[in-house]
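Once you have looked at the hints, place chain S on chain H.
Chain residues, written in single-letter form:
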Amino acid sequence: MSGANRIAGQGRLTPARTARFSFDGKSYEALEGDTVASALLANGVHLVGRSFKYHRPRGIVSAGPEEPNALIDVARDAARRQPNVRATVQEVFDGMKATSQNRWPSLSFDVGGFNNLLSPFFAAGFYYKTFMWPKAAWEKVYEPFIRRAAGLGTAPTEDDPDHYANRYATCDVLVVGAGVAGLSAALAAAATGARVILCDEQAEVGGALHYDRSVTIDGKDGFAWAQAAAARLAAMENVTVLTRTTAFGYYNHNFVGLVERVTDHIARPDRKAPRERLWQVRAKRVILATGAIERHMVFGNNDRPGIMLASAARTYLNHFGVAVGRKVAIYTANDSAYEAAFDLKRAGVQIAAIVDSRAKPGDAVLNEARNHGIEVLTGHSVIDTKGHRRVSSIIVMRNGGGGKRTITVDALLTSAGWTPSVHLFSQSRGKVAYNAETGQFLPGTYAQDCLSVGACNGTGGLQATIEEALAAGELMARATGNDGGEKVHLHGENAFEWTGGMAGAAEGAGADTNVKAFIDFQNDVCAKDIRLAVREGMHSIEHIKRFTTNGMATDQGKLSNLHGLAIAAETLGREIPKVGLTTFRAPYTPVTFGTIINHSRGDLFDPARKTPMHAWEAAHGAVFEDVGNWKRAWYYPRAGETMHEAVDRECRTVREVAGVFDASTLGKIEVVGPDAAAFLNLMYTNAWDTLKPGRCRYGIMLREDGFVYDDGVVGRIAEDRFHVTTTTGGAPRVMNHMEDYLQTEFPHLKVWLTSTTEQWAVIAVQGPKAREIIAPLVEGIDVSNEAFPHMSVREGKICGVPTRLFRMSFTGEAGFEVNVLADYGQAVWEAIWARAEVLGACAYGTETMHVLRAEKGYIIVGQDTDGTVTPYDAGLAWAVSKKKTDFVGIRGLKRPDLVKEGRKQLVGLKTKDPKVVLEEGAQIVADPNQPVPMKMIGHVTSAYWSENCGHSIAFALVEGGQGRMGQTLYVPMPDRTIAVEVTDMVFIDKEGVRLNG
Amino acid sequence: MLLIHCPYCEEERSELEFRHGGDAHIARPTNIADISDEEFEEFFFLRDNPKGLIFERWRHVHGCGRFFNAARDTVSDKFYASYKAGEPKPDLPGISPATEKTVETYEATEGTAK
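In order, the protein sequence lines correspond to chains H and S.
Letter by letter, the first sequence follows residues 0 to 996 of numbering that gives the first Met the number 0.
Letter by letter, the second sequence follows residues 0 to 113 of numbering that gives the first Met the number 0.
Only chain H is shown next, with the shape it has when bound in the complex:
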């Protein structure tokens, strides 16, 4: 047998199919289908972790996703390692390496256990109080210490080699949970012909049927019926059954996120298979059949290894064939735990006693206990436990006082009742309602098209659950227009109806005691911590939660929330519904980053946009910079050149000979229609109706508030056709801005807008020899200065292909921008380059482009403007039409703040020491000797070394800047103060001789 506690004839696993795994370096044998928890219990291992704050020894509490204690690190190899895995969920595979967490140096001897002795100092809120002084010590001493001492697992350091899949799905009915309720609902919905997705987080369907062996459905053993029902559903064309699939988030409009664990249970997975698959499901209707989670009893030292939920012990016995102890006691306030005693007793385990805090348990279970000869102590409580690494005895006392009795045990099973899993319902923004009779929060008001059925809806009784679920399945399917099929009927029988349940501290752990009665195991929150929080003034449950950290662990309070609420309500003297529940948030259980990130990593993280000439640029040694998603050639260093040397050479060469520049990333919009000029009149500050076909104009676009939004050169190709350019980064939003006005404010204008950014490759040829370079390649256009002056556009051919040739300049040199269809971009570039190279020109990148435009005083919107700059501030008053009666921003420009004196205005700066280059963003002051904090009157927006000028140049936004020409201002830096002179913004060729040459 695999493990001494595996009991022959019990459970559903196959004894012959074994798998080996290790835990903390020791090898164990498991059976296929085991979870790590069941395999460890089979081998007698209860101690699996240390608690977060006190480092107390902790064991396995549950058999499901609610597990607060048994968090382990699971590794397949060095890179495939995951911390904080719940041992109760993770299936064992052959070769798995599991290790415990949050212990040093070892699990059984942990130095941090010292914290347990200091626990009086670690009460709720201690983080906020203890480490307040001295302030500087928080970052350097306290926080690093706390992070080391209190923690969960450690993150892997290597890249995740696995891949993850993503799938979008739609269906008529999504059923979450494949227990009795979910299966019944899915069968009824599927019978109508509806498209159904049924998902369940466990490896096999069945839900509570994993442990409840007394159930029969249609005369069959419950678990066997569930497997057959799932197989029948899976065989239907209209049904998808997903196991190992958790619905982790319920979002707007019936959008539900599922995560399917595809290979984590397989020893040697196919490497082509994804590790996990994200399902993004849009369902017309959702049925929640998420069941209920058993709560533990809250009493002194209720956290020792060997103390677990009664239903978990039943799961380990009935499904995995593992006895969690040899001499077991039960402590309950609820009938359901009795059945754990009956099952264990039948399997040959000694039942020391059933301690029931109630005076009157249900008659049926009480009689059955007597038939089994089990001692039942009604009206008694367990007030303490003993045992270091595993519980060894319990102390029992009659409620209201009396003699104490010690009972020797090696396991204690507890149950305080069942908490309906309303997590997804609550995430859907449904409002829960408190049922005082059962002490449960249940679905109240629905916010979306969904229904809850079974235990998560507070429905008790097997047949009632089945009938509710069948009706819901049929109702929801028919609501989506499916009306085929026959009605489904199912008949279920089980042994006992359950009554009882309590929330909060049990007898012996009340307000008058100081015992460690844990409600949240993972975060080490005791009943007394909740009371302390209330005493210290936390009266909202949200505040109590944050002050105590109750429910804030990875299990999100699945066991603890109701207990914490009940204790808070009692301490506050208010009823439970008056105190209210904290909000449930996604994810229901932790989801790996891999699944969420999915394909968006590496090359797919953020797609790169490349221009048609990119390959040539890369081959010629360009260094690229990212501009938005674009990869732009930044500069072209020659062998041995630094960036500055390369840029200086490029700048010099363009002004002395010529340069070739890839301007393809400029945004381009084709504006066409009889009202195109009228439309542009409204979108730009300039006048466009006066622009003749074949000419270009620099345009400024404002927002309605009067601030500069974008700029660019617009060419009029024909009466009804404009070629608009925008900034590289502004292309999509300018297009959206234009569409917005065209569709919603000016729909009477007959205009059509088309984004052509990626249709045109743009090659800028700039410099004294620019004309000489392109002239022999151009057909059908007279490129002479007289026939083709600055700011003109012509259509013709270059290298035999159609071109829109612009005479324009962003350098201050005579220049051309060759637009050709993107597919011809590289060929035309190469033809131009062949001539350019012979004539001594260079290819230049964006850095040189920036320097050259600054030498000439051209601004870059978004660098020299920041959304608070008007055209007047930027020195562009000439571009604002005085005659037009309307354009976007015309009223904004007249706002009091925009016309007042002393606004920041763009000016040029020259450093007194010509070699010093300012830092962009540096602040500017008038008096460097004033006390700190100084009054800052502006900042540097652009600054470069200008090789052509022989000194540094800069632009700055300065208060009243245009009235400060010739003034000396100061730029204080950490190591020195730099004196600067305010100048105009044009540093080269003020008369425009070169531009028009």
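No lab work stands behind these hints, which were simulated from the structure alone.
Listed next, the in silico DSS-like pairs over lysine-lysine satisfying Cα-Cα at most 25 Å (straight line):
id : chain 1 : residue 1 : chain 2 : residue 2
1  : H       : LYS577    : H       : LYS430
2  : S       : LYS77     : H       : LYS283
3  : S       : LYS77     : H       : LYS430
4  : S       : LYS83     : H       : LYS749
5  : H       : LYS934    : H       : LYS899
6  : H       : LYS749    : H       : LYS882
7  : S       : LYS50     : H       : LYS430
8  : H       : LYS903    : H       : LYS881
9  : S       : LYS77     : S       : LYS88
10 : H       : LYS385    : H       : LYS403
11 : H       : LYS283    : H       : LYS430
12 : H       : LYS219    : H       : LYS344
Using the frame of chain H, we list chain S on its own:
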């Protein structure tokens, strides 16, 4: 993730295809150059930010590209209607306009803290 009905495409599509465009039915004054500071403030800056029913603009930016209007509940995110730009606000029987103030504090929602 919202499911939004585009009145031009005449089908429900995922929120991923749309971009929100702010409040609807705020017409740009035809004499905008001549309006007062107060009128410009009202037109350009001031919005109600209601808790409940809102009429708002959307653009099916990754679909047909059209701007349209929708009536939505800002609390539940339920869409009551979507309709083409330029059409009047639809009648929504049984849906009352939002009246509540939008500022939410602990004191406002939980009563006076002790």
